[in-house]
Every structure is written in structure tokens, then in C-alpha cells.
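K.L.:
The chain contents come next:
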Amino acid sequence: MAKQSRLLAAFLLVGLVFGFLPAQQAVTVRVQVRDYEDFTRLTLEASSRLETRMTRTGGILEILIDSSASLRFQTTPVSSRLVRSVAWGRSDGRHVLSVVLRSSDFTYNAFTASRPFQLMVDFKEGEAVPPPTAGESAAAPTAARSAVRPSSGIRTIVLDPGHGGIEPGAKGRFGTLEKDITLAIGLKLKAVIEKNLSFRVVMTRDKDIAVSLENRAALANNNDALLFISIHANGSYKQSSHGSETFFLSLNASDEDVRRLAYFENTQSEIEGRIAAQEEEQDVLRMILWDMAQSAYIRQSSRLAELIQAELNALLGTANRGIKQAPFKVLAEVACPAVLVEAAFLSNPDEERRLTTEEFKNNVAQAIYQGLVNYIRLYPPEGGR
Amino acid sequence: MPRRRLLLLVVLGLTLALSAFFFFFQDRGETPRDPGDVSVPQETGSLPEDAAVKTVVLFFLSENDGLLHPEERTIPAGPSVEWEARRLVEELIKGSRTGLISPLPPESELRQVFIDRGGTVVVDFSREFADRHPSGTSAEMATIYCLVNSLTRNFDAIKRVFILVNGSERETLSGHISLAEPFLPLPSLIAQ
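Heads up: the protein sequence lines correspond to chains X and E, in order. Residue numbers for the first sequence follow the numbering used here, beginning at 1 and rising by one. Residue numbers for the second sequence follow the numbering used here, beginning at 1001 and rising by one.
Honestly, the hints are just simulated from the structure, not real lab data. Even for Gly, the Cβ is constructed at its ideal location relative to N, Cα and C. Each hint should be verified, as a subset may be incorrect.
Listed below are the simulated DSBU-like cross-link pairs for lysine-lysine, each with C-alpha atoms no more than 35 Å apart in a straight line [said to hold, decoys possible]:
| # | chain 1 | residue 1 | chain 2 | residue 2 |
| --- | --- | --- | --- | --- |
| 1 | X | Lys171 | E | Lys1054 |
| 2 | X | Lys190 | X | Lys171 |
| 3 | X | Lys171 | X | Lys124 |
| 4 | X | Lys195 | X | Lys324 |
| 5 | X | Lys171 | X | Lys207 |
| 6 | E | Lys1094 | X | Lys171 |
| 7 | E | Lys1054 | E | Lys1094 |
| 8 | X | Lys124 | X | Lys207 |
| 9 | X | Lys324 | X | Lys190 |
| 10 | E | Lys1094 | X | Lys324 |
| 11 | X | Lys207 | E | Lys1159 |
| 12 | X | Lys324 | X | Lys171 |
Computed Cβ-Cβ distance ranges for the label pairs, DEER-style [as the list claims (entries may be wrong)]:
| # | chain 1 | residue 1 | chain 2 | residue 2 | range |
| --- | --- | --- | --- | --- | --- |
| 13 | X | Ser240 | E | Glu1181 | 25 to 35 Å |
| 14 | E | Val1053 | X | Ser79 | 47 to 57 Å |
| 15 | X | Ala191 | E | Asp1116 | 43 to 53 Å |
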């Protein structure tokens, strides 16, 4: 018996070695196409950085990849409004991904994120705006800075450092308090935004004071905020929990709520008409709308979360816990795209130490900044709203 | 004559004593019935406590994967879902016996459990449930869904869970997750 199992183990080992050797050299490339409300995004994700170029002929966009390593492709079946199909091929020793669109009347916009390397190409129907600034090559995220041109009416970004005053939030083993970390990152982020962009930044708190969650949301709504970003540091019962994640609101919907939500999402203008018409119901409906203010922005919030998370992954060197949904009180009543960033875990001694360093806090601020720049580039304030 | 009188007196006395005896006997015969009626159901009510038990699945947090893992436990089978749900939550507070993490503060006390017609169970904890909570998004999610997934898994009558603290509604558990709405189960947090 012992001999047999030893023999089996040896075979398994040999199998594993042979199985994995070629896999380690190859770069895995994943392609996914997903429809959003007003555009379609193709995401090409690779386990290492790739040089890409794009050429467009009629209804076909070709993405050329220069890579000495062998590539392994994983393509999920395409079912999209704008993209008919994607196919891999080779031309002049290069790998080519041909993206066939349903119509030749489209515009596209490309940008990249790193670690993991991602090339994102957003397709829009018809309209010639915005001009494809990405041109023949994908623009690096840093180049996005110059592309942001806010309209003359200056919009407000609301930053929300979590907790404060008598409410410390999560606590680290060495005594670090969540409220101090969130404020420090918030102030740094405010500085970066004000330095580089012409947006007004409003903080829900800029010192160590308690602010109610209701007032935080109200501040965003009263300022007609363009974006709301809540900054937090995580705490877990599980000591080894680590990494960074970005949340947007989950509607912890009971059956009635789902119906209420679907109703609200699909026919917002109709509901508004009814409010005017039926005065008796006005208050009730207003209250419903206000309770669920965030439900009208869930899609945009998820995009904002995606873009910020991509930058956290690129800049922090922490584990990517991805984007998630949870029923956060502070997000529920915000009437604009809103996310909550959990920079790292205070309950993890290693990450607690990192969270106290200036370098790490600067990086968190820089990552959130870069994510929101990418978002604003995709949804310029004068257009989408 | 005096003998006859004496006899009459004796007979009268005996009749009185007999009737008094019957009167009290009948009374005693009636009175034990009431306590008897009450004590019988009391006995049958406590009998299953000793005899019948129910095996339930509790969910606790694993240090390895951060997911909720099942742990079997027996609780006494009771007269109602509320009664059993109460025992189940008390077991959750007591914590895991297999080294998993219990994300309910051990100082928490359970005040009330009741179920409405729509299948929402209202669980009312003492203030320690929130005051002794370590705070943090992940920690709050673990606490809430350890409770919600355990209750909804074991009782078909329970569809969602609404949490009260010290008898009142509370804005958040500890600064993050809203307690304003009842929670539906979240199976994605359970290890497969």
C-alpha cells in the first residue's frame, strides 16, 4: 500500500511538473465584452504587461499585440449590443484580436490599467464625440489627467473620511484608529484633486469630529455632488484578512423593495410627473425616492468602484479583494455615483503598520485620484448627466 | 327520656358530621381538578425538553478562507419556531466548538425573538451586541450573516432577519453596515 501510494505521488509530481512548465512561460490573456447602459466595454486582461496597438477599418477594430512570450487565450462568448464577435488571429508574427462590430458607425476610447494588466476599450454607437484621443495606441492612465476638462460650471466632489470624534471605527492591535487614517488619506486626496483638477472639493469632515451618516449624505446632495467617495480602513474578526477593496451599495432588497426599485429605475420621469399630479402622495413618494437615492446610480457607482479598484491594485501592492456590494448606511441616501474604499485592514498587524506610513497613505490618495480621473474621462460632467 | 334525647342528639350530630364530611369531600373532590388541569400540560410541555432534540447547523467564520463554515449542534426541540430560534441564537453567542471564529460578541445577551406573519424574525440583542463589537466592514458583515444565514438555513418559516439592539432600531451595527432593513440570507458567504 505504502509503495503504491509513493509511486502514485511520484507520477503525480512528474505530471504536475510537465503540466506547469509550459504554462508558466505563457501569458494568459482573457477577453470579455460587457454591455453598460450607454456603451460597451471590451476588457483584455493579461498576466503580464503587453504592448498593444489598434487599427480600425470599417466595422472592425484590430488590436495588435507585440509579445515574445507565447499567449494563451481565454475568450468568453460574446453577447453584446455593439460587438458582434471577437476572434484571435496572427499577422506578421503578431497576435491580432479582431473585434467585429455590428455597425461601422461607432466611436471607441481605450485606456489601460496595470497589475493585472488590463486594456479597456469602450465602444459607443454613432455620435462622433468624444474624438478617439487614444488614437492608434492605448493611452496610459497617467495621460488621462490632461484629458479632463471640467465645464465652466464648477462641480463638487465630496470626500468622506469615515468615523471621527467619539466614533473611532475599527482599531488596530497597536492602537491605530480608523478615524485617524481615513482623515489623513482624505486630506491628501483633497490636495491632489485641487492641485490637478478644477473641481471643488468638499469634505464631510476635515478634523476629528463626529458627523452623522445622514449629514454626510446630505452634504453631497446639497452640493449637487458629481461624485461621493467614502474612505475607510477595514476591520475583520479574521486576523489574517488583508487587502484592498472598493464597495458600492447593495440594495438589501426584500420583494417589495425590488419592485419599488425596478419601478424607480425604469420610469424616473414618470414618477416625477406623478409627484406633481398627485399632491396627496407627494410626500410618501419623495420619501421613497430619498431613501433609495443611490439606487438610481448603482451602475455608475459600480463603474467608479471598478476604476478605483484597478488603481489600488496598481499602486498599493496589497491583495486585490475586488469590488463588492454591501448595505452601507452612508451610501444609501447619496444622490450621485458613490463608493466606499477600504484601503487595507487595521485588524491585520502588517497592514496596520503600512497604513500608518505616509507613503502608503499617499499611494491610497493617488490611486483613488487616478480612478476618479479615469471615471470623469469616461463620463465627462457636461455630457452624461 | 333523657336517653332518647341523647340518642336523638347523637343521630343529629352524626348526620351533621356526615353531611359536613360529604360537603368537604365533594369540595376537595372539585378543587384538585383545577391545579390538576394546569399541571398536566406543564408536564407534557417540559417532557419533550428532556426527550426530543433538534439538530441544527450553525455558521461560524473560518480563519482560513474568511467564509462561513457549518457546525452541527443539537438544541432541545421546542413548542415554537421562536422558542427554537432563541436557543439557536444563544448557541451562536456561546461560540464554536471546533475552533471556528464566532463573530457575535460573547457578552451579547438575547432579549427577544419573535416572528411576524411575513416571515421576518426580529432578534433583539442587549447593547453589548453593538458596544462590544470590534467595528469594521468585514467584521460587521461576518456578524450579520453568521446570524442571518444560520437562522434562515434552519427554519423554513424565517425568510429574513431584522436586528434590534436594546429594544430599538439602530442605524448601523458599528458605523458601517446599515441595520435599517431586514436582511435576506447571503449564501455566497458560505463555504461550499
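K.L.:
Now tell me if each hint is right for this structure.
P.N.:
Okay, the hints, checked on the actual structure:
Proposed proximity of Lys171(X) and Lys1054(E) is contradicted: the alpha carbons are some 39 Å apart, above 35 Å. Among the hinted pairs, Lys190(X) with Lys171(X) is consistent with the structure: their alpha-carbon atoms are about 24 Å apart, no more than 35 Å. Using a Cα cut-off of 35 Å, the hinted pair Lys171(X) and Lys124(X) is violated, with the two alpha carbons roughly 46 Å apart. Among the hinted pairs, Lys195(X) with Lys324(X) is consistent with the structure: their alpha-carbon atoms are about 30 Å apart, no more than 35 Å.
Annotation: proposed proximity of Lys171(X) to Lys207(X) holds, straight-line Cα distance about 18 Å (limit 35 Å). Taking the CA atoms of Lys1094(E) and Lys171(X), the gap is near 24 Å; set against the 35 Å cutoff, the hint holds. Proximity of Lys1054(E) to Lys1094(E) is assessed by CA-CA distance (about 18 Å); at most 35 Å being required, the pair is judged to hold. At most 35 Å may separate the alpha-carbon atoms for a hinted pair to count; Lys124(X) and Lys207(X) exceed this at roughly 43 Å.
Proposed proximity of Lys324(X) and Lys190(X) is supported: the alpha carbons are some 25 Å apart, at most 35 Å. Taking the CA atoms of Lys1094(E) and Lys324(X), the gap is about 30 Å. The hint holds against a cut of 35 Å. Distance check on the hinted pair: Lys207(X) and Lys1159(E) sit about 43 Å apart at the alpha-carbon level, beyond 35 Å; violated. For the hint linking Lys324(X) to Lys171(X), the alpha-carbon distance of about 22 Å falls within 35 Å, and the restraint holds.
The supplied range of 25 to 35 Å is met by Ser240(X) and Glu1181(E), whose beta-carbon atoms lie about 31 Å from each other. Taking 47 to 57 Å as the suggested C-beta distance range, the pair Val1053(E) and Ser79(X) conforms, at roughly 52 Å. The hinted range of 43 to 53 Å is satisfied by Ala191(X) and Asp1116(E), whose Cβ atoms lie roughly 51 Å apart.
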